[in-house]
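Q: Just so we're aligned: the sequence shown equals residues 552 to 1004 in this note's numbering.
Calculated directly from the structure, the hints in this document are not laboratory data. As the structure is a prediction and not an experimental result, all values here were calculated from the model. Please note: incorrect hints may appear among the correct ones.
[Said to hold, decoys possible] The following label-pair restraints were derived from C-beta to C-beta distances:
| hint | residue 1 | residue 2 | range |
| --- | --- | --- | --- |
| 1 | Thr678 | Gly941 | 19 to 29 Å |
| 2 | Asn706 | Gly941 | 17 to 27 Å |
| 3 | Ala581 | Ala950 | 19 to 29 Å |
| 4 | Phe773 | Phe702 | 11 to 21 Å |
| 5 | Pro903 | Gly941 | 26 to 36 Å |
| 6 | Ser790 | Ser590 | 26 to 36 Å |
| 7 | Leu785 | Ala565 | 45 to 55 Å |
| 8 | Ser844 | Ala581 | 48 to 58 Å |
| 9 | Gly705 | Asn583 | 38 to 48 Å |
| 10 | Ala934 | Gly724 | 34 to 44 Å |
| 11 | Ala862 | Gly724 | 55 to 65 Å |
| 12 | Asp771 | Leu932 | 50 to 60 Å |
| 13 | Gln810 | Ala737 | 17 to 27 Å |
Virtual Cβ for every residue (Gly too), placed ideally from N, Cα, C.
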Amino acid sequence: MPTNLISIGRSGAAAAKASIEVTAQNIANASNPDYVRRSLQLSEFVGAARIDFQSSSSLAGVRIGGIDRPNSELIQRRARDSASDLQRAEAELSGLRDAETALEQSGLFRGLVDYEAALRVLEGDPTDLALRTGALESARQLAQTFQLADFSLGNARQLVEDDVNVGVDAINGAARELARINVELANVRSGTAAQASLLDARDAALRDISSEFGTITRFDEFGAAEVRLVGTPLPAGESGLLLVEGDKFSELTAQIDPQGSASFSFGGAAFAPLSGAMAGRASALTDLAGRQSVLDAIASQTITQANNAQASGAALDGSDGQPLFTGSDAGTIALALMRGEDLALAPAGSPPGSRNTANLSNMLAVFGADDGPIASTDRLLLALSSKISGIETTREGLAIINSSAQADLLTETGVDLDAEAASLIRLQQAFEANSRIIQVAGELFDTILGLSR
């Protein structure tokens, strides 16, 4: 009897000690986003000297099993998918906001309006040299503003391109790591701390991949992951492009064409992502390339209209008007005239010192028309702002969905410090109780030995 009590107490103390270690590990990793809560599997230990024993009367302590780790594939898939959709919206929104900041802070619209205002002032006194010099300086500032807008928009595009390259490296690194984890999962013993750590690392790699691309994931009996990327076009009969399977993984590459659009190839096959941050960046780059084309078109229109007006007019000294700007787009536009007297405000053939501003009026009418540079710039900024507003609305909805999915995942896998603290106290009490059982069994054993003497 005493020896049975000692065995029961010893097994109970060992179970309490092991559970305390697991609980302490949970508490220590409560803030680790890659950690999943653990618990220890415990069961009754049944022992008897006969084969036909009655388990209800043959209990002999506690059997320590393996480490249990929550693993709801449905909850995890929902969390990954919702995060992937949110990442797409946030990546696209980030790129477009940078573009909006670049165009607005360049002051392009204000520069065009100021240039038009300087020309209108000349209508009142076209021969005033100070006013002519001011108008010429306004034209110089406008050219510099176009260059600044081009440079700033190019920087915004470069930031997105850098994010694409960083994302490609991250995907390839995560795929390589996942393939290594798959190999180790096939060799590790089930229910061990090593397996739980590998599964944590597997889920972290899957989260990193799904933040960049939409994924379809399957698991084998060892927990090893097969990952396919969701994109177009799909291989015949497949649900996605195979990224990781067992110990094998495919390399992802990205190319940025001269227009600034991104394309991806995977195992030699080109594809376009449908979700994830990469899809958002690709969409942003395509949009920014279009904005760049519009900006260049506005600059080209400004150059053409100003130079055409100069060509059809006469300078203050009666000579033929010379080009006001050089260049062909926003990056190359520059002021060509050096003197305010060379502004051709009067019609061609006018005598020196003419106060006729018919040519200037024609220039202002074209410049301020509904399809002129000012209106085109206004539409450029308004269209960009409207698109950003629409994506923000979409992102808010996706953020709510993702927040719900992440909350479910946290409930499933996260560490509740209050619950763990209560469990720790209970386990300490259990350890002390089992220690007391061992002590009482020892005292009984000594008493029995004393009676037999």
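Q: Now, for every hint given, state plainly whether the structure supports it.
A: Status of each hint after checking the structure:
Restraint check, Thr678 to Gly941: a C-beta distance of roughly 51 Å breaks the suggested window 19 to 29 Å. Distance hint check: the CB atoms of Asn706 and Gly941 are about 24 Å apart, consistent with the given range 17 to 27 Å. Checked against the given bound of 19 to 29 Å, the beta carbons of Ala581 and Ala950, roughly 24 Å apart, stay inside it. Between Phe773 and Phe702 the C-beta distance comes to about 54 Å, which lies outside the given range of 11 to 21 Å.
Judged by the Cβ atoms, the range 26 to 36 Å given for Pro903 and Gly941 is violated: they are separated by roughly 56 Å. For the hinted restraint 26 to 36 Å between Ser790 and Ser590, the CB-CB distance of approximately 34 Å keeps it satisfied. As the Cβ distance of Leu785 to Ala565 is approximately 54 Å, the hint placing it in 45 to 55 Å holds. Range check, Ser844 to Ala581: Cβ separation about 51 Å, and the 48 to 58 Å hint holds.
The supplied range of 38 to 48 Å is met by Gly705 and Asn583, whose beta-carbon atoms lie about 40 Å from each other. At about 38 Å, the beta-carbon gap between Ala934 and Gly724 stays in the expected band of 34 to 44 Å. For Ala862 paired with Gly724, a C-beta distance near 59 Å keeps the hint of 55 to 65 Å intact. Between Asp771 and Leu932, the C-beta spacing of about 53 Å keeps the proposed range 50 to 60 Å intact.
Between Gln810 and Ala737, the C-beta spacing of about 46 Å breaks the proposed range 17 to 27 Å.
The structure fails hints 1, 4, 5, 13 (numbered hints given earlier, in ascending order).
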